[in-house]
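**Student:** Guided by the hints, dock chain Y onto chain B, whose structure is given.
2 protein chains.
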Amino acid sequence: MQLLKERILKDGVVKPGNILKVDSFLNHQMDIDLINEIGKEFKARFSDCPITKILTIEASGIGIACIAAQYFHVPVVFAKKSQSVNLDGEMYCTKIESFTHKKVYDVIISKKFLSPEDHVLLIDDFLANGCALLGLIDIVKKSGATLEGAGIVIEKGFQHGGQQIRDMGVRLESLAIIDSMTDDSLTFRD
Amino acid sequence: MQLLKERILKDGVVKPGNILKVDSFLNHQMDIDLINEIGKEFKARFSDCPITKILTIEASGIGIACIAAQYFHVPVVFAKKSQSVNLDGEMYCTKIESFTHKKVYDVIISKKFLSPEDHVLLIDDFLANGCALLGLIDIVKKSGATLEGAGIVIEKGFQHGGQQIRDMGVRLESLAIIDSMTDDSLTFRD
Numbered sequence: 174m175q176l177l178k179e180r181i182l183k184d185g186v187v188k189p190g191n192i193l194k195v196d197s198f199l200n201h202q203m204d205i206d207l208i209n210e211i212g213k214e215f216k217a218r219f220s221d222c223p224i225t226k227i228l229t230i231e232a233s234g235i236g237i238a239c240i241a242a243q244y245f246h247v248p249v250v251f252a253k254k255s256q257s258v259n260l261d262g263e264m265y266c267t268k269i270e271s272f273t274h275k276k277v278y279d280v281i282i283s284k285k286f287l288s289p290e291d292h293v294l295l296i297d298d299f300l301a302n303g304c305a306l307l308g309l310i311d312i313v314k315k316s317g318a319t320l321e322g323a324g325i326v327i328e329k330g331f332q333h334g335g336q337q338i339r340d341m342g343v344r345l346e347s348l349a350i351i352d353s354m355t356d357d358s359l360t361f362r363d
Numbered sequence: 174m175q176l177l178k179e180r181i182l183k184d185g186v187v188k189p190g191n192i193l194k195v196d197s198f199l200n201h202q203m204d205i206d207l208i209n210e211i212g213k214e215f216k217a218r219f220s221d222c223p224i225t226k227i228l229t230i231e232a233s234g235i236g237i238a239c240i241a242a243q244y245f246h247v248p249v250v251f252a253k254k255s256q257s258v259n260l261d262g263e264m265y266c267t268k269i270e271s272f273t274h275k276k277v278y279d280v281i282i283s284k285k286f287l288s289p290e291d292h293v294l295l296i297d298d299f300l301a302n303g304c305a306l307l308g309l310i311d312i313v314k315k316s317g318a319t320l321e322g323a324g325i326v327i328e329k330g331f332q333h334g335g336q337q338i339r340d341m342g343v344r345l346e347s348l349a350i351i352d353s354m355t356d357d358s359l360t361f362r363d
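Residue numbers (my numbering), protein chains in the order written: chain B, 174 to 363; chain Y, 174 to 363.
For the record, the hints were derived by calculation from the structure and aren't laboratory data. Possibly wrong hints are sitting among the right ones.
Label-pair distances were calculated between CB atoms; the ranges are [said to hold, decoys possible]: (1) B/C222 / Y/D206: 15 to 23 Å; (2) B/D279 / Y/P223: 41 to 49 Å; (3) Y/D279 / B/E210: 32 to 40 Å.
Just so it is clear, CB atoms sit at the ideal spot from N, CA and C, and this is done for glycine as well.
With the rest of the complex left out, here is chain B (with noise of 0.2 Å):
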C-alpha cells in the first residue's frame, strides 16, 4: 500500500534493537484519515471472503480494527490481555508472549462472541515474531470458527512470523511489509 510506504518512510523512526517507531500515525497517535484508507484496503483485499467477524487484541488493534469494521459491515471482538472482573462466564484463553513489552500475557475472549459459524478476520497493527497472531489463530481454532485471514498493517518481514503464519496455509494479508531496517534505511518488499 504505497500512502503507507510513504507515511513509514516520512514518519517513521528505526530504534536500536530493531524497533520501528511510528507511535505519530498509527499506534499511539492516530492518523484517523490514513486508517481509514488502510481500513478501505482491508476490505479490497478480502473482498471476496464472507467474513462476519473482526478479531484483534488490545490495545493498538482495536481502532484500525473499528475503522476497517466499517467496511466489511461486523461486529469488532477484541481479545484482553488480561483476567478482568467484568469477564466472567467462559472464556477462550491463550498465552502470548509480547515482543514489545518481554512479558508473557493471558489472553481471553468471551465463548459468547465467536461461534463455529462465524467466518473471522484477524486484524493488528504489527507483525513481528508473530506471537500475538499465533495466540488469535488459536482462540479462533478452539472456538470452531472459519479462519478467513489476516490483515496487518506493518510486518518485519526479517522477522519469522509471517512466514510461520503462512506456512500454516493462513492467507496473510500485510500491507506493508519491511525487509530490512537501519537507521539510514528502510527495505520495502515488493
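**Tutor:** Same frame as chain B, now just chain Y:
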C-alpha cells in the same frame, strides 16, 4: 441518547458489585453501527468546540474515540497504561486507579502529541468513580492544552466521579447516565 439507553436495557447485564456488563456491544464485542451513532452524537454535542485532538485511554476507549474522530476530522491520541520500551523520550505521566481491575496504573502520553495549541476532547466508554478521566484531565493540564470537554458513553450517576468532574468546571457530556441499578431494573437520569 435514546438508541443507547434502549440497547443498555436490552443487552446490558447487572452483576453483583454494581457492575454493568455491556460487553456484547461496547467493550469486548463492539457494535460498530451503534458506535458510529455514538460518534455522531459526540460531534453534535461538541460541535461548537474547536477540537484539534481526541484523547482517550487504552483499551476500550480507543475504538469509540477512533470512530468519533471521523466526525471531528482530528487525530486520536491514546494514553498507555504502562511503560513500554517503544515509548521513549519525554512523556506526561499520571497515576490512575482502576475500579475494574482494582490496581493502580502508570499512565503516559508522549509530549510530542499534546501541546499548548491543542484543544482536547476526552472520550471514554465508562465513568464511575472518575479516576481514569481525572488522570486524563491531569495530563491535559500538564501539557498546557485547552480542555474543551469530556464525552462519556455510560456514566454511573450513583458514583461520585461525574459530580466531582462537573464541579471542577469541566464540560461533561454522558450519553446515558444511570441513577440506580438493581438486578431487575435500571433507572436513567432524564
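**Student:** If a hint holds in the structure, say so; if it does not, say that too.
**Tutor:** Status of the hints after comparison with the structure:
1. Range check, B/C222 to Y/D206: Cβ separation about 20 Å, and the 15 to 23 Å hint holds.
2. A C-beta distance of roughly 43 Å is found between B/D279 and Y/P223, which places it inside the suggested range of 41 to 49 Å.
3. Roughly 33 Å separates the CB atoms of Y/D279 and B/E210, a value that falls within the hinted 32 to 40 Å.
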